[in-house]
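A.B. asks: Spelled out from the first residue to the last, the chains are:
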Amino acid sequence: MTAGRPPPSITVRALASVGETILEVRDLNKSFYGVAANDRVNFDLRAGEVHGLLGENGAGKSTLCSVLAGLYRPDSGEVRLDGQQVGLRSPHDAAEHGIGMVYQHFRLVPSLTVAENLVLGLKDQGVRLTLRAVETRVSQIAEEYGLSVHPSAYVWQLSVGEQQRVEILKQLYRGARILILDEPTAVLAPQECDKLFEVVRHMADQDHSVVLVSHKMEEILGHTDRVTVLRGGRNAGTVDTADTTASQLATMMIGAEHMPEAGRHTPRRFDDAEAVLTVSDLKVTGDRGTPAVNGASLEVRRGQIVGIAGVAGNGQREFQEAIAGLRTVTGGSVRLLDRDITAARPRRRSQAGLAYVPEDRLGTGLASGLTIEENLVLKSYRERPHSRLGVLSSSAIAATARELVEDFDVRGARRGMAVSLMSGGNLQRAILARELTRPHDVLLAASPTRGLDVAATAAVRGHIRAESEAGRGVLLFSEDLAEITELSDSILVMARGRIVGSYTPDTLDIEELGLLMTGARDHADSSGVAAGG
Amino acid sequence: MSVRISVEPRARPAVALRLGVPVASLLAAAAVGGVVILISGNSAIEAYRTILDSSINGVRPITRTLVLATPLILTGLAAAVAFRMKVWNIGAEGQLYMGAIVASGLALWLPAGLPKVLMLAAMVVGGAVMGALWAGVAAVPKAYFNTNEVITTLMLNFVALYFMNYLIFGTVSFWRDPGRNYPQGKLIPDAAELPVISHRLHYGLVIALAAALVLWWSLRGTTWGFELRTIGDSPSASRYAGMSVSGKIVSVLALSGALAGMAGAIEVSGVLKTLDPRALATEMGFTGIVVAAVARLNALGVVPVAVLLGAVAASGAKLQTIGLDAEIVFLLQGLIFLFVASGEFFLSNRLVLSSRSAPEPQLAATEASHE
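From first to last, the protein sequence lines are chains H and G.
Mapping of the first sequence onto our numbering: residues 1 to 533, in sequence order.
Mapping of the second sequence onto our numbering: residues 1 to 371, in sequence order.
Treat the hints as calculated values from the structure; they're not laboratory data.
Note that the Cβ used here is the ideal one computed from N, Cα and C, for glycine as well.
Some hints could be false.
[Unchecked claim] In silico negatives: residues of chain G with every beta carbon more than 12 Å from chain H:
id, residue
1, A16
2, V59
3, L108
4, V129
5, E193
6, I197
7, W217
8, R220
9, F226
10, R229
11, I231
12, D233
13, I322
[As the list claims (entries may be wrong)] Only part of the chain G face toward chain H is listed, based on derived beta-carbon distances under 10 Å:
id, residue
14, A24
15, A28
16, A31
17, Y162
18, N165
19, S234
20, S236
21, A237
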């Protein structure tokens, strides 16, 4: 790549013809703190193709893309461009090699114009900016790819979809012939998505290669030429989109072949058990003001473990927070036993018998700068003996802490030490110790074993089973399908803010569940209301 | 091979370190200040001797230092309590003025024959309530509409300042002495004057020390303080635990304002004996922020820091007699703040020197071997 930039389309045609492999990744390994995010990953990209990269959260898509974008250095393995091995040492380096990435969170300066954003950080601009020339070039490129953006518009004036086009334009302007789009539709409205895919197709027609990162099945099926599926940091396969089906992809993505046989534990009946948690037609608004939960209903009975499976970002977080009282409900109701807690404050819910193990351990479940003792009484500090008339009893708090630390085997906690210095497994033990020792009828647990080691995972699952045996209801959210199927008496599938499927261990159909999860099929023959029994 | 310097957080600094770093920071500030004094053509040793002489050498200098430290203790506490919850009350200055206005107003309006205890209680409580209300003007929008309290509290300072100036300089108000040509406030009655401990040192110091003690204990030993610390540490965890964050914002800002308002009342009652805008507008509120920051938001730590800054301030007039600008005092205060704040960084972090081979290990290596 030379410093001078001829118009990108000419560059590309000179370098590659359709179908030729331009990028190869061989046996890429990348670990973070000993956990392999990419484990011998292989990937190849042809000129002029749209290549889908499919996988659940944590499957290793982002790591692979970050290596290609020059953000991470691989631990081992090689990246070849046009058959030449390259070391991508920085994003700038990747750009020099014609690789550009468009992130979910845009990297634009709102107070600058489109053209100014495009030249921002380019080194060979000279002292004086010749913005007019830039604008002319931008208009040319924009027209060529159908990216309608006005080069002299300020970025803050643009819609999200337009800003994304600016990001794409920026990469094209810098001569990218390989574009990596990281979940590009996550931030877009439906009509903007259509427009985006038009642009993507247009780029491919011009011999650019596009890597489309997604966990949405319909996008992959509708807009790619080939698909590479990653699972747990490894290749699960690469197929031609035309030759595959949603169910095949779903199976690869969730690894159905590794799932425990359906009905591994005999289904238990809960017909006669009392309902401890009843959620009816719940509607919740997400952070961006759009509906996140669109009328979800469920019921948890005494002794029952209800698992909610789903790909992250389908309303699970908002659903949990609404049940816990951390997010305002816009419709529907939540009942705990016979009490309506739809509008109750979090403390009331806790007192009414709701234990909550949130996904975010350090920051929500625990206050990171407080000590282990303080965190263990985070919900009972107002109660006797921990305080009396607003005065804390440090001896009573210390006694409670000692007891909980011992009973729940919380290790690495020293008196007066901030919890932020403890390991993930011990943080989770501390949260469980606090939540499970308070009187409760329902345990709401979100991704309770994520990131934990084997011993801690086993301990957490043991506690969840014990809850069920003690006659409490458990509502378990997890992206780990194996965990859901192993523990749950009733398995619900959540997609696009709705409960779209319901199974018991004996009716479980992993393939169908995968389709529902990834939105490849809209509704199973189940009704919205799913309950054990 | 290259040497890399990286910063690592320290788990729990040792006691020696926690005491030693601030002392070292102070000495460093004094050293740099000394250089500046030398550059200005004066003797640093003489300057520091003057500072010591006029601040701690003898009963009279000590009382002067403590008189100056008293309002700084209260404004320091005002900043500390709010900052502890990460609510940035920059408005202690204005809250102090408003407290002074109400306290002097009460002193002039209440019957002069009232028992001293009642009169003083009315002034201190009145000043505190007014300070709380003035902070509340910023607190309520912050709590319920998430406005930026830095801007609102800062701007309210100017409103309070100009209102106070207007009462004395702009009009013949209830506060102004009509019998004088030069605009000046009426003197408060004897019953409204804080009793004296020694020389000019008044019992306001005792009130300030008691406030520090009570606040220190409340932060550690009450559910109120527990909530405040939890919210300051992690808003998300505190909501999860069922705490009311918006209610707490109002109560903490109100308390912060009350402490500053109390400082204003005590200045009027113990030092000025009148509503004197010029003497009040000496940045006691802003200096409180410095005090709190240097004291690392510890309520008890505020006391020695306020005394230290008071000692530096006490020597201002004396420094002029040896040919130094009074501004040198602000310079020294600024240096102290700068060095203690930087010392804080080294207290909670440590530098790790590591030598390691130049980056880009694998790829570069494999590339080379292929060629």
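A.B. asks: Take the hints in turn and mark each one as holding or not.
C.D. replies: Comparing the hints with the structure gives:
no., hint, verdict
1, A16, "holds, 17 Å"
2, V59, "holds, 39 Å"
3, L108, "holds, 37 Å"
4, V129, "holds, 22 Å"
5, E193, "holds, 35 Å"
6, I197, "holds, 31 Å"
7, W217, "violated, 9 Å"
8, R220, "violated, 8 Å"
9, F226, "violated, 5 Å"
10, R229, "violated, 7 Å"
11, I231, "violated, 9 Å"
12, D233, "violated, 4 Å"
13, I322, "holds, 47 Å"
14, A24, "violated, 25 Å"
15, A28, "violated, 28 Å"
16, A31, "violated, 33 Å"
17, Y162, "violated, 33 Å"
18, N165, "violated, 38 Å"
19, S234, "holds, 4 Å"
20, S236, "holds, 5 Å"
21, A237, "holds, 4 Å"
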